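Enquirer: Given chain A, work out where chain B should sit, using these hints.
There are 2 protein chains.
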Amino acid sequence: MRQIIFLLVLFFTFPNFAQTDAEVIKKIYNTSLSNGKSYEWLDYLSNQIGGRLSGSLNAERAVEWTKEELEKLGLDKVWLQPVMVPKWVRGTPEFAFIETAPGETINVNICALGGSVATPALGIKANVIEVQSIEELKTLGKEKIEDKIVFFNRPMDETLINTFRSYGGSVDQRSGAKEAVKYGAIATIVRSMNLRLDDFPHTGAMSYRDTPVNQRIPSAAISTNDAELLSSLLKLDSTIKFYFKQNCKKLKDVLSYNVIGEITGSQFPKEYIVVGGHLDSWDLGDGAHDDGAGCMQSMDVLRLLKITGIKPKRTIRVVLFMNEENGLRGGKKYAEEAKRKGENHIFALESDSGGFTPRGFSFDCSDSQFNQVLSWKSLFEPYLVHYFVKGGSGADIGPLKNENIVLAGLRPDSQRYFDYHHASTDTFDAINKRELELGAAAMTALVYLYDKYGVIPIKNKQ
Amino acid sequence: MRQIIFLLVLFFTFPNFAQTDAEVIKKIYNTSLSNGKSYEWLDYLSNQIGGRLSGSLNAERAVEWTKEELEKLGLDKVWLQPVMVPKWVRGTPEFAFIETAPGETINVNICALGGSVATPALGIKANVIEVQSIEELKTLGKEKIEDKIVFFNRPMDETLINTFRSYGGSVDQRSGAKEAVKYGAIATIVRSMNLRLDDFPHTGAMSYRDTPVNQRIPSAAISTNDAELLSSLLKLDSTIKFYFKQNCKKLKDVLSYNVIGEITGSQFPKEYIVVGGHLDSWDLGDGAHDDGAGCMQSMDVLRLLKITGIKPKRTIRVVLFMNEENGLRGGKKYAEEAKRKGENHIFALESDSGGFTPRGFSFDCSDSQFNQVLSWKSLFEPYLVHYFVKGGSGADIGPLKNENIVLAGLRPDSQRYFDYHHASTDTFDAINKRELELGAAAMTALVYLYDKYGVIPIKNKQ
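Protein chains in written order, with my numbering: chain A, 70 to 531; chain B, 70 to 531.
Only chain A is shown next, with the shape it has when bound in the complex:
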């Protein structure tokens, strides 16, 4: 009888006693869906702070605010990790039109590409040569390109199911300026990386690589509707002109921060698990999907672990990386410091593909490590998380790569992502609360499993 009482006491004292993984994960999901904080946080980040390009005042506001919110969670440690970041400013709003005849103009929607130089103060007006690819420049040669604006107009491939693959297949055009200039082009206009036809230009980083500073030509993105318009007008009359003006510029690097919070592990405090997203965003929208969503989900992972009563064995860190969009300085700095301190990172998970319904995860790891993941697959099926693949993870955690660590990326449904990506449409109203919370829950469940089992070959798993 006394034994029974003892067992009963034990049972009620340790409510997690003998909970199966399925039960713990159910609790994580229930808590995220009924008492999640990611949506409320993202409302604040999007609507009270807004777009937060590296080096901007808004980026600093985001650093301060997320640090304060993490401090409220009662984590074991919250700190800022200094990092120097590039600072590029857009300047006054860009302006562009197509001139179909002298004095006959049609205004179009453009935005400077991130990192581009300005046009001359009065803008640039020139004939346009449309191309589908960087390779096509070579075929056309200097004769057809010199003194013209090169118009890169290859659409994203709409037949690919994974829209990130379509993006990967088109985004080289954004840095076409460095090639176009070799044939005498005076500027480039790039069709926005957007699968739908609309009026919003999408920015994003472009690079001049080693093009000498005095040979850099201005580059802007044009909305997909206006790209279609320009293309159709060019077919009617190849002598029409394009005018645009932008006064963006690159300033000196400035000091910024990665924001880090930590629950120290109870058994293996020197094994580190990282979950994160990037805190900076482009400036046109509010960075709600890219990557406010991933940051707020990552913060909620630590909060969900705490409020569901999970006491991690290993040290769990949330890292809000600065400067993914135009430099990756935060990701590099974090990895550099981790290496310098000899911190043993065993698992890192990034959410940087939007706040949509989670479909699964991708993993950058060995085959045996991937087999361990596959053994957990059925735990995610009740939550319609089916997609486990070997592949990429996330840009910010990439620099942590070594032969032991497992890197992973949350893979949400990707169909809507490029409607918002890097555009003024990336605002809080495009976020669905439940979808965001399901992502936070899926991430927490995966972190829970890695914390419990560690990164070991599946054959040794207990």
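Hints may be right or wrong, so weigh each one.
For identical chains, the list gives no copy identity; a pair is met inside one copy or between any two copies.
What the hints assert, rightly or not - List of simulated lysine-lysine pairs, DSSO-like, C-alpha gap at most 27 angstroms: (1) K375 to K106; (2) K459 to K446; (3) K470 to K339; (4) K319 to K251; (5) K410 to K136; (6) K304 to K106; (7) K95 to K459; (8) K304 to K194; (9) K156 to K401; (10) K304 to K247.
In case anyone wonders, no lab produced these hints; they're calculated from the structure. If you're wondering where the values come from, they're calculated on a predicted model, not measured in any experiment.
Expert: Same frame as chain A, now just chain B:
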């Protein structure tokens, strides 16, 4: 040599020669994503026609227009199937407020539930009793309910992953009037079936069952925000009053139609495959997701079969059912006629769960039939369609049920659905083109497989 030439001729004459199922399905997806018509059609149906409740002029416009569009596709046969449908009209906009003290009022957002009677011309004002369930009425008894408005306020369960299950767990409240009246209630107000907090009331059918006509009490839905408000005010002061006015009414049945198009089978014309959705919608929004999406996808299934060069062996029909929302008369009529004519229906697929990213299909069939489906599962994996379950199909095709037929329902992502369902928010801007087209492609692929292999036990499959 002549043989080789013959084979070459054969190869180029019959481009489908030796195409694998995977190749055909790839072609279907590519065509839907690059040359689909469902989105353009749905734009017209939503924005040029709009909400189309059974018996309304808009419902007749939708019948005419879809018939015309099907006729343009060059199908073998297009026709209208007459069916008598109920006609309920909302009347002038409803009006409601909470009276916290004489003359001190707060306006709230309500809408009459479909099928409800009107309030008296001057409206109803009474005290409110909040309940969480129909069962609770019994506990409270006549004493606490008589002469009051019963306020059903049980929210949808936010922790369920499948939101249709949450809906199923709450929707009984919509028909709570028939029970509340037994305890002397004079009206019911029902929390909208909506998982998020917003200002939009959601309508939907309610039923008085066998309640005598002179004892029927008016029922309205209230927005989730206003339900929260009313509940919190009642906690402070249970004597506050609720006022509402609605002048909806039920008219006589009117003639309407199912719209049907057919590609006649080349080998087994007397085996019928049906794909469809319901053409009627509630009146508050434009019925874009419910069920314009399913109808336009179903029309595109036949179009995609044609333009990808698939010549069905069996007869494929698209059926746009009338009156799913408040009567199911179209579904019943179609099944009745099929039975009367002895038409052998082997497979029916309905899309009536919104135009979101398709996650899979549910099947109402035997175990051996389900095994056949599972053998096709890997064909859908490249398209991230993973979810194949035994379960329901669709309301309109339900009446076709017999021991031989396989009934199926498209299962899109369900997280956003109840943000729009039966509310004024169900408009075209909530539709994503790619998600809609992926659904049409998944449906076409499944119809292609059933046409090719028929409904046979997997062990006999060639």
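Enquirer: Give a verdict on every hint.
Expert: Outcome of the hint check:
Taking the shortest Cα distances, K375 and K106 sit within 27 angstroms of each other inside one copy (13 angstroms), while across copies they are farther apart (49 angstroms). For a Cα distance limit of 27 angstroms, the shortest separation of K459 from K446 qualifies both inside one copy, at 13 angstroms, and across copies, at 20 angstroms. Taking the closest pair of Cα atoms, K470 and K339 come within 27 angstroms of each other only inside a single copy of the chain (18 angstroms); across copies the shortest separation is 61 angstroms, beyond that limit. When the C-alpha separation of K319 and K251 is checked against a cutoff of 27 angstroms, the pair qualifies only within one copy, where the shortest distance is 22 angstroms, while the shortest distance between copies is 75 angstroms.
Taking CA atoms no more than 27 angstroms apart as the test, K410 paired with K136 passes inside one copy only; the shortest distance there is 22 angstroms, against 71 angstroms between copies. Within a single copy, K304 and K106 get their C-alpha atoms only as close as 52 angstroms, which misses the 27 angstroms cut-off; across copies the closest is 26 angstroms, which meets it. Taking the shortest alpha-carbon separations for K95 and K459, both the intra-copy value of 26 angstroms and the inter-copy value of 23 angstroms come in at or below 27 angstroms. With identical chains, the CA atoms of K304 and K194 are at most 27 angstroms apart within one copy only, with a shortest distance of 19 angstroms there and 68 angstroms across copies.
In this homomeric assembly, K156 and K401 come within 27 angstroms of each other (Cα to Cα) only inside a single copy, at 17 angstroms, whereas the closest approach across copies is 66 angstroms. Taking the closest pair of Cα atoms, K304 and K247 come within 27 angstroms of each other only inside a single copy of the chain (26 angstroms); across copies the shortest separation is 67 angstroms, beyond that limit.
Against the hints set out earlier in the document, no violation occurs for any number.
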